[in-house]
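S.K.: If you want the building blocks of each chain, they are given just below.
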Amino acid sequence: MEKVLSKDENKALAPKIAEQSGVKLHECYQCGKCTAGCPMAHAMDIMPRQIVRYMQLGMLEEVLECKSIWLCAACGTCYDRCPHRVDLTALIEALRHEAKHHKICAVREVDIFTETFLGNIKVFGKSQEVILAGVYNTLSGNLLQNMNNVPHMLRHEMVKPEIHGVKDKEGVRRLMKAALEEDDK
Amino acid sequence: MSVNIKEGWEPKILAFCCNWCTYTGADLAGLNRMKYPENVRVARVPCSSRVNPQFVIRAFQKGCDGVLVCGCHPGDCHYVTGNYFTRRRFMLMKKLLEYNGIDPNRFQARWISGSEAAKFRDTVTRVSEQIKELGPNVKFREGRWS
Amino acid sequence: MARIGVFICHCGTNIAGVVDVDEVVKAAGKFPGVAYATEYKYLCSEPGQQTIKAAIEEHNLDRIVIGSCSPRMHEVTFRKMLMSTKINPYMLEVANIREQCSWVHTDKEKATEKAIDLTRMAVAKVCKSKPLFPDSIGVTKRALVIGGGIAGIQAALDIADAGYAVDIVEKEASIGGHMVMLDKTFPTLDCSACISTPKMVEAGAHPNVTLRAYCEVESVKGYVGNFEVDIRQKAKYVDHDTCTGCGACEVKCPIKVSSAFNQGMCDRTVMYKPFPQAVPSKPVIDALNCRKISGDGKCGVCAAVCPLKAVNFEDKGEIITEKYGAIIVATGYELIKWQDIYPEYGGGRFEDVITGIQFERLVNASGPTEGHIRRPSDGAEPKDIAIIKCVGSRDINKGKAYCSRACCMYSAKHAHQILEKIPDGSVHIFYMDVRTPGKGYEEFYDRTREDGANYIRGRVSKIFKEGNKLICKGEDTLLGKPVSVEADMVILETAMVPATDISKLTGILSIGSDTDGWVQEAHPKLRPVETQTAGIFLAGTCQGPKDIPDTVAQGSAAAVKVCSLFSKVQMETSPIISAVDREKCSGCEMCIPCCPYKAITVIEIDMHEHGKKVKMNVSDVNSGLCQGCGACAGACRSGAIDLKGYTNDQILMEVDALCL
Amino acid sequence: MMKYSYFPGCSLDATAVTYKRSISFVAEKIGMELNEIPDWNCCGATCAHSRGKWLALALPARNLALAEREGLGLDIAVPCASCYSRMKHTVHAARKDEADRKKIEEIIEMPYLAKSDVLSFLEIFALPEVMKACKEKMERSLASLNVACYYGCLTARPREITGGISTENPMEMDDIIALTGAKPIEWDFKTECCGASHQVDAPEAALPLIERIFRNAKANGATAIVTACPLCNLNLDMREEEINKKSGTAFDIPVYQFTQLLAVCMGATANEAGLHKHFYPAYDRINDTLRRAGA
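Residue numbers (our numbering), protein chains in the order written: chain Z, 1 to 185; chain V, 1 to 146; chain L, 1 to 660; chain Y, 1 to 295.
No lab work stands behind these hints: they were computed from the structure.
Model, not experiment: these values are computed from the prediction.
Incorrect hints may appear among the rest.
Unchecked claim - The list that follows gives simulated cross-link-like pairs (lysine to aspartate or glutamate, DMTMM-like), each with its CA atoms no further than 20 angstroms apart:
1) Z/167 with Y/70
2) Z/169 with Y/284
3) Y/102 with Z/184
4) L/398 with Y/160
Go ahead and model the full structure; you've got the sequences and the hints to work with.
M.R.: Spelled out as structure tokens, the structure:
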């Protein structure tokens with residue numbers, strides 16, 4: 001059944017998200033330069049240009065449920081080369097926040113990596129690469145990922161037993177809690 | 001015209017606009033249906049150098065709250081050197097008004113070309129806000145005897 | 001007492017939609033001096049003007065105020081109307097209650113109050129108006145065309161055929177401009193040289209046309225009908241009167257530099273004609289690169305071989321001053337310097353990424369490769385060619401916001417030429433839209449696809465080199481898939497931008513230019529070939545990007561404007577000029593330095609003071625020179641010198657009316 | 001005066017040991033003072049701004065505030081492109097909008113006036129004063145080494161926030177490498193993204209990003225790739241072998257940090273420059289080049 005554009009109830013939500021990230025959706029005339037330059041486009045289900053197109057038509061669910069917003073590497077090539085200066089990087093960042101808000105994530109591993117990374121900071125105040133890799137591998141299920149490099153890392157003290165975190169761990173935790181409250185408003 | 005600073009008081013601003021640049025820019029703003037506050041009245045002059053400082057003093061004397069003189073950008077004047085005179089005359093005018101106790105911000109000069117419709121709208125909007133803050137031009141009005 | 005008629009126009013709903021017209025008429029009726037006030041739906045229409053004329057008779061009116069659109073639109077219309085009534089055309093004031101009132105305000109009540117104020121100002125001003133009568137001055141029946149491209153040539157030929165003298169000033173060593181660089185022209189594919197060189201020759205030979213090649217305009221004084229122009233004839237170092245253009249010197253000249261005409265695709269000698277079919281077909285020396293003139297002086301081969309001793313190394317060039325009645329600006333365009341703004345396309349590092357005009361030189365029979373398409377890096381014939389459109393156009397991030405109009409068609413032509421000249425070649429054209437607005441254009445686009453050109457909808461994001469292939473990374477937005485093309489050569493269809501020194505010329509002529517730097521036309525729809533300044537016209541791409549058909553049409557249009565100006569024996573001058581009231585003039589001469597046209601002089605007159613005859617110095621205005629700017633009236637302390645039509649009284653009345 | 005506050009970043013104490021060693025060697029050699037920010041925390045990298053706007057601004061803000069509290073009033077030197085980018089975003093946000101600056105102060109419970117600037121190591125080493133200092137310390141030459149300078153994406157983009165180098169064809173690292181006598185080559189993937197953390201959480205999708213960097217470097221004659229960021233270096237160095245196996249390519253281009261090449265030319269031993277700590281063998285290429293240049 002075709003999409004009835006005029007009747008979509010949360011049509012207003014898409015422009016609001018765009019506005020929050022400082023993007024004027026009407027400026028994009030669908031030229032495709034962002035997709036052409038996007039390093040991750042080959043692996044994406046909907047193209048960066050199409051993300052803007054869905055938003056222009058207010059079709060927000062399709063965008064929140066797509067893999068593309070999670071595969072984006074936030075490298076900024078699209079925004080830098082866009083003939084109408086549409087900040088697609090900021091738009092995708094805002095869409096990630098919105099998707100997180102609705103508990104939707106089409107690429108599970110990216111969410112696991114993010115949560116593990118932030119968990120690391122909450123505990124130690126710094127990112128401990130060995131713990132990050134260990135926890136991520138277990139949670140994501142690909143246990144042997146990068147294991148072949150571990151011997152090399154051990155031999156060259158790239159990975160050390162002692163954990164030197166932040167002294168004022170409490171301060172970092174409070175800061176993260178306050179920031180996340182602000183974000184989840 | 002009685003002067004009571006009632007709520008919703010609207011300043012009355014006179015703008016001398018040169019026919020070749022600013023007046024054209026103002027018309028272009030109209031063509032593009034741009035919107036700006038209503039309290040500016042434009043008087044067309046062939047060149048901004050036509051505006052004799054006496055006109056400005058007369059406007060304030062008669063109770064105008066703000067006067068704006070607009071012309072072409074220096075170097076673009078249709079009459080080649082007109083706006084150079086405008087610039088010199090009105091630097092002195094600012095000092096004269098200050099000497100007379102009139103807030104010099106009531107009097108402003110701007111260079112607006114025929115294609116700068118948005119600049120005309122923004123200038124009118126900003127000047128109206130500034131004059132509104134300054135309040136009505138009571139200085140001369142009380143002295144008036146007519 | 002004045003008997004004023006006030007006529008407020010509805011302009012359909014343009015005014016009446018926001019301003020309460022009846023309110024304005026009611027208020028106007030009470031203004032001092034107003035004998036009759038009414039309103040009408042379309043005052044500028046024939047019936048509208050009839051109602052005004054009838055009212056003038058019926059109410060014996062002696063001056064008119066019209067509340068309508070901008071005076072810049074219809075003040076002339078209403079003045080012409082008054083000519084057929086007993087009222088002098090200058091006893092008229094127009095209140096701008098459309099562009100500067102109804103169109104820019106939404107609050108109906110405040111807009112109406114403003115319309116009343118503007119009408120009250122107009123009525124107050126017209127009270128002090130006096131009848132004015134135009135003067136007339138002579139017109140120099142000689143035209144100046146700045147720019148020798150197809151626009152300038154067409155304009156010059158039409159003026160010359162109408163029997164008037166015309167000079168073409170061209171800054172390059174030959175006329176022809178950009179068109180003569182092209183190989184074929186769309187949509188009929190006739191060869192550009194075949195249709196433009198005859199015109200060039202005709203211009204070169206026409207008795208009424210004086211060709212001033214290798215010249216630039218230094219300064220322009222005066223006004224419509226009476227311009228005085230200084231033209232700098234750049235030093236040619238060759239006496240074109242004695243030189244027969246035999247070319248012996250060109251062959252022998254030892255030093256070679258990059259040929260600008262061939263867009264740097266090949267070299268030319270320092271003693272050069274830009275291209276074989278140049279008009280004038282006589283060489284000049286490129287002094288900067290000449291060893292004899294600016295090098296160590298150890299050369300002079302050209303002078304030695306010249307059978308007629310036409311070479312003169314001491315030539316300093318000269319300033320020629322001429323009088324003209326009208327000027328046509330036809331200075332053309334340039335291509336945007338894409339190398340500086342598109343590093344993602346290689347920024348000029350890849351030799352085989354060329355512009356459309358460079359390709360025109362490659363495919364042109366008199367070009368560096370005699371028409372064989374060979375790529376600049378290794379001279380091999382490219383098989384797979386990519387064409388990228390809108391490079392610099394429609395790109396507010398790195399280029400220009402506008403569309404350059406002609407590239408859609410000339411890129412289709414390039415594709416056609418490639419597929420014709422390289423049978424087993426392939427062409428991929430990256431486009432966003434294909435704009436085919438002219439006659440036969442869409443059919444030409446169909447034919448190009450029939451020839452086998454692949455059109456891919458999407459902008460290219462990056463060009464990079466791997467091996468000797470140029471990889472263009474794009475997206476086919478119709479498929480929604482990233483695609484790339486491995487090309488042997490890439491053609492960028494770059495944006496048209498104004499010529500680099502156009503701002504110098506617009507300064508000399510004191511004509512306006514728009515925000516992108518193109519020459520500003522008087523009105524985009526109604527007066528496209530005129531500038532704001534009377535007597536100065538424009539034609540072709542100096543006003544904005546366009547293709548050859550439009551350019552030639554504008555060339556002829558500008559020519560006819562000049563001819564209509566020259567058709568008058570005398571030219572009517574505007575009566576809005578300054579005049580001196582000798583009673584008040586104290587001879588202080590404050591007004592004299594203010595006049596840009598030097599129209600004010602001091603004269604000695606006899607005056608009677610307390611019964612004694614006395615000699616007095618007073619200012620006097622030359623009505624022919626005065627252009628009515630009013631700078632003098634703005635400087636006069638005693639109000640002796642005043643500008644008719646904008647007298648001190650009139651403006652003071654306007655000011656008073658505003659502050660009531 | 002070459003004095004900076006210093007924010008090393010988490011990876012310098014872990015996988016980026018080659019960068020850490022070569023920085024301290026070069027800094028000591030040219031007399032550059034790096035005052036490490038006391039008790040600095042992780043800048044949040046991509047994960048913070050992926051999770052929330054204020055989290056992304058607050059984490060770097062704490063480090064900036066700590067540096068400010070030190071009172072040295074120095075600019076902050078940041079070796080990692082990701083930390084650099086995130087701190088630049090915070091400084092930009094704080095300077096652009098007073099309300100945002102106040103809210104950041106509230107969240108991090110510390111005063112933060114965004115007075116000092118954040119400089120990447122590239123920007124610092126490209127300063128004339130630092131270039132001169134390095135030039136004077138050059139003892140050996142890497143003459144025959146063809147180097148592809150890889151800048152990565154975050155040092156250059158977004159333009160208005162980093163505000164520094166060209167987003168497509170920057171030359172800063174090329175000029176620095178030229179000091180060592182090596183030849184920086186012209187190639188086309190200087191600022192193309194390496195996939196950063198996606199090499200971990202989306203490896204199949206991200207691996208081609210690295211392959212195409214190697215392919216273009218090789219096509220343009222590179223015999224070494226040089227980076228200025230721990231993560232770019234790790235991704236390229238650790239996966240070259242893997243790509244050769246998977247795609248059957250024969251890339252033989254070791255990946256160095258630019259400070260390693262400076263260190264080697266300033267007389268550092270293989271150990272001091274960390275030449276034995278690479279995933280893809282890197283010692284021989286340097287050793288042969290030095291011998292050929294008659295070091």
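S.K.: None of the hints should be skipped; say for each whether it holds.
M.R.: Checked hints:
1. Z/167 with Y/70: holds, 17 angstroms
2. Z/169 with Y/284: With Cα atoms ~43 angstroms apart, residue 169 of chain Z and residue 284 of chain Y exceed 20 angstroms; violated.
3. Y/102 with Z/184: holds, 19 angstroms
4. L/398 with Y/160: Distance ~14 angstroms between residue 398 of chain L and residue 160 of chain Y Cα, so the pair holds.
Checked against the numbered hints given earlier, this structure breaks only hint 2.
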